[in-house]
Amino acid sequence: MSLASLVGVALMVGLIGVCGGLLGWLNRRFKDGEDGLVEQIDALLPQTQCGQCGYPGCRPYAEAVEQGEAINRCPPGGEATILELAELLGREPLALDGDADDTPRVAFIREDECIGCTKCIQACPVDAILGASKMMHTVIAHECTGCDLCIAPCPVDCIDMLPREPHPHWTPGIIASDRTTETLHGST
Amino acid sequence: MAVLERLWRSLAARARPTGGVMPPTRKSQTRDLGIHTPPLPARVTLLLEDGRDQPWREVQPIVRPGQYVRAGEPVARAVGHLALPVHASISGHVSALCMHDESAPDGQHRPAVVIDADGASQHQWLPALDWQAALPDEIIQRIADAGIAGMGGGGFPAHLKIRAARQASIDTLVVNAAECEPYLSVDDQTLRRYADRVLSGAAMVARATGAAAIVIGIEDDKPEAASAVRDRLGELPCPARLEVIPTRYPSGGERQLIERLLGRRLSTGQLPVDAGVLCHNPGTLAAIHDAVALGKPMIERTLTLAGRALDRPGNVSARLGTTIEHLLIDAGLDRARLSRVIEGGPMMGQAISSLSQPITQTTNGLIAATETELPPPPRARPCIRCGDCQPACPAGLAPQQLWWHAQAGEDQKAEANGLFDCIECGACDYVCPSHLPLASGFGEAKQRLRTARAESARADQARHRFEARQAREQREAAEREARRQARRQAAARRGQQRDATSGSKETSAAAPDVRGLRIAQAAAKAAARKAEKALERAAQQQESADVLADLETQLSIAREHLAAADARLKTARQEETRS
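Protein chains in written order, with this note's numbering: chain A, 1 to 188; chain B, 1001 to 1579.
Among these hints, one or two may not hold up.
[Unchecked claim] These stretches of chain A come out as covered by chain B in the derived footprint (C-beta under 8 angstroms, 3 or more residues):
no. : segment
1   : 46-54
2   : 125-134
[What the hints assert, rightly or not] So the derived label-pair ranges between C-beta atoms look like this:
no. : chain 1 : residue 1 : chain 2 : residue 2 : range
3   : A       : LEU22     : B       : GLU1476   : 56 to 66 angstroms
4   : B       : GLN1060   : A       : ALA141    : 20 to 30 angstroms
5   : A       : ASN27     : B       : SER1544   : 56 to 66 angstroms
6   : B       : ARG1573   : A       : VAL13     : 41 to 51 angstroms
7   : A       : GLU79     : B       : LYS1413   : 14 to 24 angstroms
8   : B       : LEU1271   : A       : ALA141    : 45 to 55 angstroms
9   : A       : HIS142    : B       : ALA1491   : 41 to 51 angstroms
10  : A       : LEU22     : B       : PRO1433   : 52 to 62 angstroms
11  : A       : GLU79     : B       : SER1544   : 28 to 38 angstroms
12  : A       : ALA80     : B       : ASP1546   : 58 to 68 angstroms
13  : A       : ALA80     : B       : PHE1420   : 18 to 28 angstroms
14  : B       : GLN1060   : A       : ASN27     : 48 to 58 angstroms
15  : B       : ASP1053   : A       : LEU22     : 52 to 62 angstroms
16  : B       : LEU1271   : A       : VAL13     : 48 to 58 angstroms
[Claimed, not checked] Heads up, incomplete: computed chain B residues facing chain A, CB under 8 angstroms, no partners named:
no. : residue
17  : ALA1462
18  : ARG1463
19  : ARG1465
20  : ALA1468
21  : ARG1469
Just so you know, these hints were derived from the structure itself, not from any lab.
Where a beta carbon is used, it is the ideal one built from N, C-alpha and C, also for glycine.
Model the full structure from these sequences, guided by the hints.
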């Protein structure tokens, strides 16, 4: 082998090394945009933190799904979540395990019946119940995920699950011509 | 590169069809009739937004029933960040703080200030402001105090637009006098009669925003208005030019007009201020002139009354809160001929269900149409993929494709195809041979997407709150453990003193990994600092309250983690010193 070809090979190897190093560094440097699989799964879950899947919250279930747990364990997410998970993970969509119940709800404490035991406060996974010992409790409605976990611990059954009113911020109407109703069309 | 890019952009702009349609304008009904002032109504109803549906628009009444108010006196103050104060539009006694609304589906009472006129025409205006000496912020504050909303139909608070334009240091103020909607001739008449007020208002806004140039865009079917403006251009303190553009609906769309006048194209999600432009309607500018130079708050507006069911159509200057019925009867309404009343123009307007509704700042026209004039739309038929809507779209979209996606429930695909560039002008509806309600379908699809986005933001917040709770529980457990260790250590020390002679020593468990815990603690500290900085940055950029609350939650998570790491490290150190 001539010296020239040796130099050529050395150059190529050097170039490959430099490029590889650069790519590796870039990958590490700009990694933030790309989420791991667990994060992607977690992002598809409804975040009610209700534990109906048998795991103590959405993130633990996401971790379990990544490890091979069935994707049909999330009743609040319903059919839509199963389909999205199947799409993401390339698995077969399954029928929902449990009763389908994806109507959004909020907990409501009948405040005159509340005895101030703080049991629901301890049960709430998202700290959406406000109150103190022997004081009336109340639910911060827009932070409640409707997970039902406060119902069982309540010793006086003073918590109801009510359908969630549409959040005011969900309606458009920043300007008056944002369309919400049928308008005229096809008129000449 | 920059040269190539500019060349490419100019070629693309030339190649792109402008879109639009040419419906019969029917402006001759009203365009030469001047502005008439109808008799004052006996009662005005000023609608208030109580913030139940749109908290950002909430206003609170500051008058009591029975109280006497003069025209221009404030009757409600702004609470929401997009709200405007409301002023009495007539002098008289406040008779109620709600109105009976026949068109409302369930709650028949809407919050409103109802004033019974006393006929005395007393008024109370703000002090006049010497705008040439005033600071920009004073002018903007005056516009806010006068309660002026955009009068072209959008109704966005004028002072907020101006403030945003000032912050973005725009270079051009565009006066949008295109008035492309059929029937309407308000802007035409306003310019013909009050060109001086409009241009003076434009000069004030230019001063308040720091805009260096003014461009007035007007369609070529309004030669009188154009010449009225041209005669006065020299009076403006900054360079100004008049652009006469061909009549074509919807050239008055903000984005379309900016592209046509200045050649600046706005991409999806960009606002005119991002391109260095602020757009205002002539009526808004005249109102700004009145508010600044005369101190007159927003109490009346000019609007077009048209349609073949009226004997005396024309433009009228009406007090806000006047009922539609009052205005139409004064214009000679023939109920036998009336088929329906439309608020706004026939392309973007909405049919009105009850004539007892009052007019608001955004009512730029009322069309009392006969059956033959504006027949009800024929039944919609399936899309035949003719593609006629594509050249008609002023935003360069493919409405048929968007419709296809929206009907299939694939809103994301519609979004990827530019759904949010749709201005809902209805040009596609106009040409559609199947009479599909395309524009309102797109409006609904946008709303579905906005709802989905809000839902996912909500889920993110729930996730963060859950993480915060877990972090707090971990911290509490770690602190408990630290206290337990301390107690055990104290007990052991006492025990050691007592059994000093025995020399027995408790064998400690596996040596704690102090180094690992120290690294974890440093990482937690860095994370907390990062969260703090993120919150600070968001606060500086004036993010919305929801975003800030969420970042606060994330900061508290980081702090909990830090406290837990501290506690664990402390336990480990104690154990280390003991063993």
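Comparing the hints with the structure gives:
| no. | hint | in the structure |
| --- | --- | --- |
| 1 | 46-54 | holds (count 4) |
| 2 | 125-134 | holds (count 4) |
| 3 | A:LEU22 with B:GLU1476: 56 to 66 angstroms | violated, 46 angstroms |
| 4 | B:GLN1060 with A:ALA141: 20 to 30 angstroms | holds, 22 angstroms |
| 5 | A:ASN27 with B:SER1544: 56 to 66 angstroms | violated, 34 angstroms |
| 6 | B:ARG1573 with A:VAL13: 41 to 51 angstroms | holds, 50 angstroms |
| 7 | A:GLU79 with B:LYS1413: 14 to 24 angstroms | holds, 20 angstroms |
| 8 | B:LEU1271 with A:ALA141: 45 to 55 angstroms | violated, 33 angstroms |
| 9 | A:HIS142 with B:ALA1491: 41 to 51 angstroms | holds, 49 angstroms |
| 10 | A:LEU22 with B:PRO1433: 52 to 62 angstroms | holds, 57 angstroms |
| 11 | A:GLU79 with B:SER1544: 28 to 38 angstroms | holds, 32 angstroms |
| 12 | A:ALA80 with B:ASP1546: 58 to 68 angstroms | violated, 24 angstroms |
| 13 | A:ALA80 with B:PHE1420: 18 to 28 angstroms | holds, 23 angstroms |
| 14 | B:GLN1060 with A:ASN27: 48 to 58 angstroms | holds, 55 angstroms |
| 15 | B:ASP1053 with A:LEU22: 52 to 62 angstroms | holds, 55 angstroms |
| 16 | B:LEU1271 with A:VAL13: 48 to 58 angstroms | holds, 53 angstroms |
| 17 | ALA1462 | holds, 4 angstroms |
| 18 | ARG1463 | holds, 5 angstroms |
| 19 | ARG1465 | holds, 4 angstroms |
| 20 | ALA1468 | holds, 7 angstroms |
| 21 | ARG1469 | holds, 5 angstroms |
Comparing the model with each numbered hint stated earlier shows that hints 3, 5, 8, 12 do not hold.
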